[in-house]
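**Q** If you're matching them up, the sequences are chains A and B in order.
Numbering that gives the first Met the number 0 applies: residue 0 is where the first sequence begins, and numbers increase by one.
Numbering that gives the first Met the number 0 applies: residue 0 is where the second sequence begins, and numbers increase by one.
Calculated directly from the structure, the hints in this document are not laboratory data.
Treat the hints with care, since some could be wrong.
Note that identical chains are pooled: a pair holds if it fits in a single copy or bridges any two copies.
Here are the simulated EDC-like cross-link-like pairs (lysine to aspartate or glutamate), alpha carbons at most 20 Å apart as the crow flies [claimed, not checked]: (1) 105 - 239; (2) 133 - 239; (3) 150 - 9; (4) 150 - 66; (5) 56 - 128; (6) 256 - 212; (7) 110 - 192; (8) 119 - 212; (9) 150 - 79; (10) 133 - 66; (11) 150 - 239; (12) 133 - 200.
There are 2 protein chains.
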Amino acid sequence: MSETEQNQVESNLFPRVRIVLVETTHPGNIGATARAMKNMGLYKLVLVSPHLFPSEKAIWRSASAADVVEGAQVVSSLEEALEGCQLVIGTSARERRIPWPMLEPKSCGEKVFKTQAAGKEVAIVFGREAHGLKNEELQMCHFHVNIPTGKAYSSLNLGMAVQVLTYEILQASIAATDQSDQASQEDDAWDMDYATSDALEHFFVHLESTLVETGFHDPENPRQLMTRLRRMFNRIRMDEMEVNILRGFLTSINHLKAKKPE
Amino acid sequence: MSETEQNQVESNLFPRVRIVLVETTHPGNIGATARAMKNMGLYKLVLVSPHLFPSEKAIWRSASAADVVEGAQVVSSLEEALEGCQLVIGTSARERRIPWPMLEPKSCGEKVFKTQAAGKEVAIVFGREAHGLKNEELQMCHFHVNIPTGKAYSSLNLGMAVQVLTYEILQASIAATDQSDQASQEDDAWDMDYATSDALEHFFVHLESTLVETGFHDPENPRQLMTRLRRMFNRIRMDEMEVNILRGFLTSINHLKAKKPE
Numbered sequence: 000m001s002e003t004e005q006n007q008v009e010s011n012l013f014p015r016v017r018i019v020l021v022e023t024t025h026p027g028n029i030g031a032t033a034r035a036m037k038n039m040g041l042y043k044l045v046l047v048s049p050h051l052f053p054s055e056k057a058i059w060r061s062a063s064a065a066d067v068v069e070g071a072q073v074v075s076s077l078e079e080a081l082e083g084c085q086l087v088i089g090t091s092a093r094e095r096r097i098p099w100p101m102l103e104p105k106s107c108g109e110k111v112f113k114t115q116a117a118g119k120e121v122a123i124v125f126g127r128e129a130h131g132l133k134n135e136e137l138q139m140c141h142f143h144v145n146i147p148t149g150k151a152y153s154s155l156n157l158g159m160a161v162q163v164l165t166y167e168i169l170q171a172s173i174a175a176t177d178q179s180d181q182a183s184q185e186d187d188a189w190d191m192d193y194a195t196s197d198a199l200e201h202f203f204v205h206l207e208s209t210l211v212e213t214g215f216h217d218p219e220n221p222r223q224l225m226t227r228l229r230r231m232f233n234r235i236r237m238d239e240m241e242v243n244i245l246r247g248f249l250t251s252i253n254h255l256k257a258k259k260p261e
Numbered sequence: 000m001s002e003t004e005q006n007q008v009e010s011n012l013f014p015r016v017r018i019v020l021v022e023t024t025h026p027g028n029i030g031a032t033a034r035a036m037k038n039m040g041l042y043k044l045v046l047v048s049p050h051l052f053p054s055e056k057a058i059w060r061s062a063s064a065a066d067v068v069e070g071a072q073v074v075s076s077l078e079e080a081l082e083g084c085q086l087v088i089g090t091s092a093r094e095r096r097i098p099w100p101m102l103e104p105k106s107c108g109e110k111v112f113k114t115q116a117a118g119k120e121v122a123i124v125f126g127r128e129a130h131g132l133k134n135e136e137l138q139m140c141h142f143h144v145n146i147p148t149g150k151a152y153s154s155l156n157l158g159m160a161v162q163v164l165t166y167e168i169l170q171a172s173i174a175a176t177d178q179s180d181q182a183s184q185e186d187d188a189w190d191m192d193y194a195t196s197d198a199l200e201h202f203f204v205h206l207e208s209t210l211v212e213t214g215f216h217d218p219e220n221p222r223q224l225m226t227r228l229r230r231m232f233n234r235i236r237m238d239e240m241e242v243n244i245l246r247g248f249l250t251s252i253n254h255l256k257a258k259k260p261e
């Protein structure tokens, strides 16, 4: 390991927390994000289909965080970016038609800190500068976080939003080390590992096909059924055994249908 | 008063709080500061001898906060910028040889909020991008504020520092005006009524009989299946529509079974 790498290992306070930027338009915002991250002790940057990357502008704006920019992982889908994550939080500027479990930045920082401290992978997802995250992307998240603003102007610059949320993660970490082992992590109190994002996505695919099979769900006339079910199951973070139980139940329904003559 | 001016009066949440930038080098940072301020409900920007101002770059980076940039007051000394202030807080990156009363960002936000609410003028002073505030400037401040960072990289971008400190002012304001029962607010934010206990019990009975029907659940060998499912669904705290959806799904499974010949 080189000296630089060694340094990075020591100063990477939250190695299990990834910042995910989706389809970023301005490379300057990627650089600003990298600097904000490194200032707060984060290094893991994942870029989903950035418009322009690599970019000199991103390096320039990152100032002394060029290592974070250069170490960024570029992927082509949000699913890929979230692989292995057990907690996914999406940034959402607007009120949605179907409310989702919401966090304030401070409670977001606390949740992220506790979850990564319990050894789990966490992602915070930031959308496009102009349009944020799409509904189907927001529905892949367990929680949404919104940064409160004044009424006149509610849209924060992307890098600024990263700065506020990563600041709150470091704040939570400082508060926790101050109080030392006061609250033994709630995540540790659970008896099973949480399901990963990919396991959950497989479950949702299986659920939807089974809903179609029993005739309950008509994909031609979806009436927000899958949205409501996703919201419901994402409200809790299902553990591995729960997902296995539900998939076993779905499979038993599939067999029922298979045995039925046409 | 024009309509624009009227709007600004209404959305200027902290008219007695001024953000003071000393000898800013990059006009982009002035624009970023203006946007950060307006996002958090602040409008009063004072520039001490900026290197390049007015500037197109500042307007561009401010996005929809051009009014804050254009309304900025340009002065030639920090004394002038602080005229009439009863609380002055200076941002300080480094440990100083002579310790000064220090604030954390959160306590800074609370102090600023309380002081302006008491009708007093407040200034937060930000130094040069490369060198911060000089000792004689820092000594004009009642308090210093430092934004905690990771060890590897402690120097925040100027606009980011403004964002964090103004965010904490708005947070203090929200906490002060909105200490009413948080739990009841969470409940009010949901779009459906929560399901009653009896509706849930009917659901669990229906779920169990259907699990038996598909052959997934053997009541003679229950293996904590219903316990785990109850724990899971109780964690979700289902709303009425969610229970209705799941019961509809169970009924569609029951019909499948009914059609199947023995």
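**Q** As a check of your reading, is residue 150 near residue 66 (CA-CA no more than 20 Å) within one copy, between copies, both or neither?
**A** between (37 Å within a copy, 15 Å between copies)
**Q** Go through the copies and call it for residue 150 and residue 79: within, between, both or neither, with a Cα cutoff of 20 Å.
**A** neither (36 Å within a copy, 31 Å between copies)
**Q** Can you give me the call for residue 150 and residue 239, within, between, both or neither, at a CA distance of at most 20 Å?
**A** neither (42 Å within a copy, 33 Å between copies)
**Q** Is it within a copy, between copies, both, or neither that the alpha carbon of residue 133 lies no farther than 20 Å from that of residue 239?
**A** For residue 133 and residue 239, the Cα distance exceeds 20 Å both inside one copy (27 Å) and across copies (27 Å).
**Q** For residue 110 vs residue 192, is the C-alpha pair at or below 20 Å within one copy, between two copies, both, or neither?
**A** Classified as within: same-chain Cα gap 16 Å, cross-chain 26 Å, threshold 20 Å.
**Q** My question is about residue 256 and residue 212: at a cut-off of 20 Å on alpha-carbon distance, are they close within one copy, between copies, both, or neither?
**A** both (8 Å within a copy, 12 Å between copies)
**Q** Using 20 Å as the alpha carbon limit, work out where residue 105 and residue 239 are close: within a copy, between copies, both or neither.
**A** neither (28 Å within a copy, 30 Å between copies)
**Q** Classify it for me, residue 133 with residue 66: is the Cα-Cα distance of at most 20 Å met within a copy, between copies, both or neither?
**A** Answer is neither; intra-copy 30 Å and inter-copy 30 Å both fail.
**Q** Since the copies are identical, ignore which copy is meant and state whether residue 133 and residue 200 lie within 20 Å (CA to CA) inside a copy, between copies, both or neither.
**A** Intra 17 Å, inter 36 Å, cutoff 20 Å: intra-copy only.
**Q** My question is about residue 150 and residue 9: at a cut-off of 20 Å on alpha-carbon distance, are they close within one copy, between copies, both, or neither?
**A** between (41 Å within a copy, 9 Å between copies)
**Q** From the Cα coordinates, with 20 Å as the cut-off, is the pair residue 56 and residue 128 best called within, between, both, or neither?
**A** Answer is both: 16 Å inside a copy and 18 Å across each meet the 20 Å cutoff.
**Q** When no copy is specified for residue 119 and residue 212, does a C-alpha distance of 20 Å or less occur within a copy, between copies, both, or neither?
**A** neither (35 Å within a copy, 37 Å between copies)
In summary, the structure is inconsistent with hints 1, 2, 8, 9, 10 and 11 from the numbered list given earlier, while agreeing with the others.
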